[in-house]
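*Asks:* Next come the chains, spelled out residue by residue.
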Amino acid sequence: MSDVIAKDDLLRLVDQWLAEGKRVLGPVKAGDGVILYAPLAASSQLVLEGFVHAANSIKEAVFPRSETIYTYKFNGHEIELSDVDPDSTQCIVIGARPCDAASLPVLDHLFNWDYKDKFYNARRAATTVVTVACSEYDDNCFCTSVGLGPAAEQGSDAMLLKAPDGWYEVRAVTDKGTALFNGKTTPAPEIKVPISDGPAKKFDTVDIETFLKNNYESDAWRDITMRCLGCGACAYNCPTCHCFDIVDEGDAAGGRRVKNWDSCQFGQFTVHASGHNPRAVQAQRQRQRIQHKFRIYPEKFGAILCTGCGTCTRNCPVSLGVLNTLEAIAAVARGSIEVK
Amino acid sequence: MKDWKGKNLIFIGGGIAMPPIRCAIWYALENRADYGNITIVYGARTVGDLVFVDELDQWAQKERTSVIQCVDPGGETPEWKHEIGLIPHVIERSNIPAENSVALVVGPPIMIRFTLPVLDKMGMAKKDIYTSLENRMKCGIGKCGRCNCGPVYVCKEGPIFSFEQLSQLPSDY
Ligand code: SF4
Ligand code: SF4
Ligand code: FES
Numbered sequence: 478m479s480d481v482i483a484k485d486d487l488l489r490l491v492d493q494w495l496a497e498g499k500r501v502l503g504p505v506k507a508g509d510g511v512i513l514y515a516p517l518a519a520s521s522q523l524v525l526e527g528f529v530h531a532a533n534s535i536k537e538a539v540f541p542r543s544e545t546i547y548t549y550k551f552n553g554h555e556i557e558l559s560d561v562d563p564d565s566t567q568c569i570v571i572g573a574r575p576c577d578a579a580s581l582p583v584l585d586h587l588f589n590w591d592y593k594d595k596f597y598n599a600r601r602a603a604t605t606v607v608t609v610a611c612s613e614y615d616d617n618c619f620c621t622s623v624g625l626g627p628a629a630e631q632g633s634d635a636m637l638l639k640a641p642d643g644w645y646e647v648r649a650v651t652d653k654g655t656a657l658f659n660g661k662t663t664p665a666p667e668i669k670v671p672i673s674d675g676p677a678k679k680f681d682t683v684d685i686e687t688f689l690k691n692n693y694e695s696d697a698w699r700d701i702t703m704r705c706l707g708c709g710a711c712a713y714n715c716p717t718c719h720c721f722d723i724v725d726e727g728d729a730a731g732g733r734r735v736k737n738w739d740s741c742q743f744g745q746f747t748v749h750a751s752g753h754n755p756r757a758v759q760a761q762r763q764r765q766r767i768q769h770k771f772r773i774y775p776e777k778f779g780a781i782l783c784t785g786c787g788t789c790t791r792n793c794p795v796s797l798g799v800l801n802t803l804e805a806i807a808a809v810a811r812g813s814i815e816v817k
Numbered sequence: 003m004k005d006w007k008g009k010n011l012i013f014i015g016g017g018i019a020m021p022p023i024r025c026a027i028w029y030a031l032e033n034r035a036d037y038g039n040i041t042i043v044y045g046a047r048t049v050g051d052l053v054f055v056d057e058l059d060q061w062a063q064k065e066r067t068s069v070i071q072c073v074d075p076g077g078e079t080p081e082w083k084h085e086i087g088l089i090p091h092v093i094e095r096s097n098i099p100a101e102n103s104v105a106l107v108v109g110p111p112i113m114i115r116f117t118l119p120v121l122d123k124m125g126m127a128k129k130d131i132y133t134s135l136e137n138r139m140k141c142g143i144g145k146c147g148r149c150n151c152g153p154v155y156v157c158k159e160g161p162i163f164s165f166e167q168l169s170q171l172p173s174d175y
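Heads up: the sequence lines are chains C and V, in that order.
With our numbering as the guide, the letters of the first sequence map in order to residues 478 to 817.
With our numbering as the guide, the letters of the second sequence map in order to residues 3 to 175.
Don't take each hint at face value.
[Said to hold, decoys possible] Subject to a maximum C-alpha distance of 30 angstroms in a straight line, what follows is the list of computed BS3-like cross-link-like pairs (lysine-lysine):
{"hint": "1", "chain 1": "C", "residue 1": "Lys777", "chain 2": "V", "residue 2": "Lys123"}
{"hint": "2", "chain 1": "C", "residue 1": "Lys593", "chain 2": "V", "residue 2": "Lys140"}
{"hint": "3", "chain 1": "C", "residue 1": "Lys550", "chain 2": "V", "residue 2": "Lys140"}
{"hint": "4", "chain 1": "C", "residue 1": "Lys777", "chain 2": "V", "residue 2": "Lys83"}
{"hint": "5", "chain 1": "C", "residue 1": "Lys777", "chain 2": "V", "residue 2": "Lys129"}
{"hint": "6", "chain 1": "V", "residue 1": "Lys83", "chain 2": "V", "residue 2": "Lys4"}
{"hint": "7", "chain 1": "C", "residue 1": "Lys690", "chain 2": "V", "residue 2": "Lys4"}
{"hint": "8", "chain 1": "C", "residue 1": "Lys595", "chain 2": "C", "residue 2": "Lys550"}
{"hint": "9", "chain 1": "V", "residue 1": "Lys158", "chain 2": "C", "residue 2": "Lys690"}
{"hint": "10", "chain 1": "C", "residue 1": "Lys484", "chain 2": "C", "residue 2": "Lys506"}
{"hint": "11", "chain 1": "V", "residue 1": "Lys129", "chain 2": "C", "residue 2": "Lys690"}
{"hint": "12", "chain 1": "V", "residue 1": "Lys140", "chain 2": "C", "residue 2": "Lys595"}
[Claimed, not checked] Computed Cβ-Cβ distance ranges for the label pairs, DEER-style:
{"hint": "13", "chain 1": "V", "residue 1": "Gly87", "chain 2": "C", "residue 2": "Asp562", "range": "41 to 47 angstroms"}
{"hint": "14", "chain 1": "C", "residue 1": "Arg733", "chain 2": "V", "residue 2": "Glu159", "range": "50 to 56 angstroms"}
{"hint": "15", "chain 1": "C", "residue 1": "Asp696", "chain 2": "V", "residue 2": "Lys129", "range": "31 to 37 angstroms"}
{"hint": "16", "chain 1": "V", "residue 1": "Gly125", "chain 2": "C", "residue 2": "Val724", "range": "24 to 30 angstroms"}
{"hint": "17", "chain 1": "V", "residue 1": "Phe54", "chain 2": "C", "residue 2": "Phe778", "range": "28 to 34 angstroms"}
{"hint": "18", "chain 1": "V", "residue 1": "Glu159", "chain 2": "C", "residue 2": "Ile672", "range": "41 to 47 angstroms"}
It is worth saying that the hints were derived from the structure and are not from the lab.
Cβ coordinates follow ideal geometry from the N, Cα and C atoms, glycine included.
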């Protein structure tokens, strides 16, 4: 037997979640027709199909672009610090793609090695992720090259698979997912929802890792990434990029300490107080992004810091992103591109 | 520093590195009997950039302790009586004994990059040469992704590294 839900009932359920005061995040059509993951005000905004991937990622559910970590007040010469409670508002992400959900177990490693980040963990615990298995993909998708696929369940609490006649099959993956749909689905005779094979494999991560180990100083970095503008669009929209800045915002009376998204693609990212910059040119910053995702993170945490969603390439003003870089690296490694 | 008992100590500081390295120098001088010869090399761009100069003169009076001061060429004043030259060059010509020695090198990355090989050439073991990386940090808890030097988060796994460890890392510092 399969559990199914009619699309209308699903939308009613979304409105019920909203009525219960939950935060619901899902794909919506923004003003200019771009699909973005954004907080919903009503289920009518939700767009579940007809696009490959939103232009951003779901990471804002667990890692907002700006978050206050504490506040401070000046009392004469004393400084008074006050903790800020982590936000644990119940949040449901609906309509995420499997490549978005898969970023969460990958990010868990970083936010929990050594020091455990209470802000991330509170949001993560309060978030339930409902994905929709992919029925389409584009040239920028490469989930299958990083061990995932159109119906990969990593990070999903429940997955919806589009069945004929306005129905979705609901597959609960975790207890959270089971609880969310408990009593809301109808049993149906086993339906065979066709699942696409996804994009053909585009490179072998073992080849990439080997290249990265042996070619830190290669001129290939310069050649491949020459056109990168350092805009950071790749990183801001990436579900796995998690670098942040910490700044104080305040005045003579006090203020708050804030954690803001940042990107290793920005020239100022690593500048020392002296003005010296260990990553002075863009090729070094691109090398960092690729090394971090495909070698450093796997070595440290046993997981690739990329889910193959292709968002970076779709957003890149010069069509670079990681996919074109990885394909070029694979070509250099095979010897089919020569480094001058 | 407890592990270095019985060793000769070489402190090398560049520019504004004197405040951080000074604590280690104090510790060694307070526990003078535990260590062999102490050599302090301190350089800055110009005479005006040297800090704690009074202390340098006092240290030079201590037993089995020598102080070498230098400024970059062009940074000297007419009254300057000490060395003129970049720290690695000054070390190269100064006959500091390498045997049974531990070196602590603190300063700007460019100085570190050129000084470590000089100590290596003097015959010091790479594992006895220590330095501190100055990578920019924000969180200090291995999360913000800013301070890494290849696979190593300097904030968590450093910032003190031996030349031996540093040789295994990419030059992102
Ligand atoms: S690096 Fe690009 S393809 Fe990989 S997870 Fe980030 S946005 Fe997606
Ligand atoms: S790879 Fe593209 S999106 Fe990323 S910083 Fe460079 S130009 Fe911007
Ligand atoms: S300072 Fe943030 S990771 Fe090291």
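*Asks:* Which hints, by number, does the structure contradict?
*Replies:* As far as the earlier hints go, 1, 4, 6, 7, 13, 14, 16 and 17 are violated by this structure, in ascending order.
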